[in-house]
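Novice: Below are the chains, spelled out letter by letter.
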Amino acid sequence: MLVLKKPGQAGTVESNDILIAVAPGEAGTGVTINLTSPVEKQFGAQIRTVIGETLAACGVADAVVTANDRGALDCTVRARVETAVARGAE
Amino acid sequence: MKKLRRTMMFVPGNNPGMIQNAGIYGADAIIFCLEDAVSITEKDAARRLVFNALKTVSYPCETAVRINHISTPFGYDDLDAILPAKPGIIRLPKAETAEEMLEIASIIEKAEIQYGFPVGSIKMMAAIETAKGLFNAAAIAASHPRMTAIAIGGEDFVADLKTTRSLDGKELFVPRSQIVLAARAAGIDAVDSVFADVNDDEGFMAETTMIKQLGFDGKSVVNPRQIRMVHKIFAPTAKEVDYAKRVLAAYEEALARKSGVIALNGKMIDGPIVARAERVLAYNAAVGGH
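Those protein sequence lines, which keep their order, are chains A and B.
Taking this note's numbering, I'd label the letters of the first sequence as residues -2 to 87.
Taking this note's numbering, I'd label the letters of the second sequence as residues 63 to 352.
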């Protein structure tokens, strides 16, 4: 399991990118995702799933995630979450 | 016919929009840049972005990753992050010695074994950007069987020479020719530098025509608009294709007649001319010509 030590941020608000900010969550509170996206209606659930799966793959159980999406592909979402987590774990 | 490398297009490694669309422009190869196109504070983000893109996007062409030099704090981390995604080529910038290439080859081999890729499947190329690198270019090009191309990085090279870049490129004439010689001696490709002014089509085409004449296999490009111009210049003309066909027909006829001397329109046809004709036709077939 990986515990975030501090907030971590990655990505931008440029087209096709996503700005991900992760903050440590209290133990046992799980993952909270606050998502803003122009394609929320169609892809919101998918983006949340990718964020959740990436956090789990990184070993993060408790975190507060703020995601500002600008039409990112899943691979970009994964990359930005991984980087934000790594920066928050340093 | 071996793989065409007429155009190798640089794509900034931390730009998701450019990365996801990089395959649609028809370049023969894409080079995802983790080096000069990425700021020091975003090296970690770019590595993960390029890794995830390589794992996800089906690029219709060869993929390369320009890592940071292994003498910087980033080079080894770049290799660690990127090799599991199996890029086609690892490109080392500012290459100066064969030993650097051997060091990278050894890291690649370990990764290939660790991740179950066929050993030797990830190739290497080196960019020569300094006078020291140029003096070692032949050794660098021949350093390892993974070596598949050698390139010249014009901007850095000119800075190292303590001069400036001119439109006719006279300051790069000798280095360019030496890069081609090193590549040919090692049996690998030679790739020319980028032409930075994307609005100067005339200058770009003049430079591309010149480097093709010097013997380069292709050119690095920084803008998708430049791809079609390079491919047009590198395509054999109808006249060249027609002549090559007639050379081969005359050659085959002479072979059938067991004639030692071959002539076409009063000109003697010998081995190098036949070889060139075969190369023109193979190249024409590879670029979709008839």
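Keep in mind that the hints were calculated from the coordinates and are not lab data.
Only a predicted model underlies this, so the values are computations on that prediction, with no experimental measurement involved.
C-beta atoms are modelled at their ideal positions from N, C-alpha and C, and glycine is treated no differently.
Incorrect hints may appear among the rest.
[Stated by the list, open to error] Which bits of chain A does chain B cover? Going by a derived footprint, with three or more residues having C-beta under 8 Å, they are:
#: 1; region: 40 to 46
#: 2; region: 50 to 61
#: 3; region: 65 to 74
[To be verified] Simulated restraints, written as ranges between beta carbons of each label pair:
#: 4; chain 1: A; residue 1: Val0; chain 2: B; residue 2: Ser239; range: 42 to 50 Å
#: 5; chain 1: B; residue 1: Val260; chain 2: A; residue 2: Glu37; range: 35 to 43 Å
#: 6; chain 1: B; residue 1: Gly249; chain 2: A; residue 2: Thr33; range: 52 to 60 Å
#: 7; chain 1: A; residue 1: Thr33; chain 2: B; residue 2: Asn83; range: 22 to 30 Å
#: 8; chain 1: B; residue 1: Thr118; chain 2: A; residue 2: Pro4; range: 51 to 59 Å
#: 9; chain 1: B; residue 1: Ile86; chain 2: A; residue 2: Pro35; range: 51 to 59 Å
[Stated by the list, open to error] SDA-like cross-link-like pairs, simulated, lysine to any residue; straight-line CA separation at most 25 Å:
#: 10; chain 1: B; residue 1: Lys117; chain 2: B; residue 2: Gly182
#: 11; chain 1: B; residue 1: Lys105; chain 2: A; residue 2: Thr63
#: 12; chain 1: B; residue 1: Lys105; chain 2: A; residue 2: Ala53
Novice: Each hint needs a verdict: does it hold in this structure or not?
Specialist: Status of the hints after comparison with the structure:
Counting residues of the region 40 to 46 of chain A whose C-beta lies closer than 8 Å to any C-beta of chain B gives 0; at least three are required, and the coverage claim is violated. Counting residues of the region 50 to 61 of chain A whose beta carbon lies closer than 8 Å to any beta carbon of chain B gives 0, which falls short of the minimum of three for the stated coverage. With a cut-off of 8 Å between beta carbons, the region 65 to 74 of chain A has 5 residues touching chain B; three or more are needed, and the interface restraint holds. Separation of A:Val0 from B:Ser239 is about 58 Å and departs from the stated range, judged on CB atoms against 42 to 50 Å.
At about 36 Å, the beta-carbon gap between B:Val260 and A:Glu37 stays in the expected band of 35 to 43 Å. Evaluation of the 52 to 60 Å hint for B:Gly249 and A:Thr33 yields a pass: the beta carbon distance comes to about 54 Å. Range check, A:Thr33 to B:Asn83: Cβ separation about 23 Å, and the 22 to 30 Å hint holds. Roughly 27 Å separates the CB atoms of B:Thr118 and A:Pro4, a value that falls outside the hinted 51 to 59 Å.
Checked against the hint of 51 to 59 Å, the pair B:Ile86 and A:Pro35 fails, with Cβ atoms roughly 22 Å apart. Proposed proximity of B:Lys117 and B:Gly182 is supported: the alpha carbons are some 19 Å apart, at most 25 Å. Taking the CA atoms of B:Lys105 and A:Thr63, the gap is about 22 Å. The hint holds against a cut of 25 Å. Restraint check for B:Lys105 and A:Ala53: the C-alpha separation of about 23 Å stays at or below 25 Å, so the hint holds.
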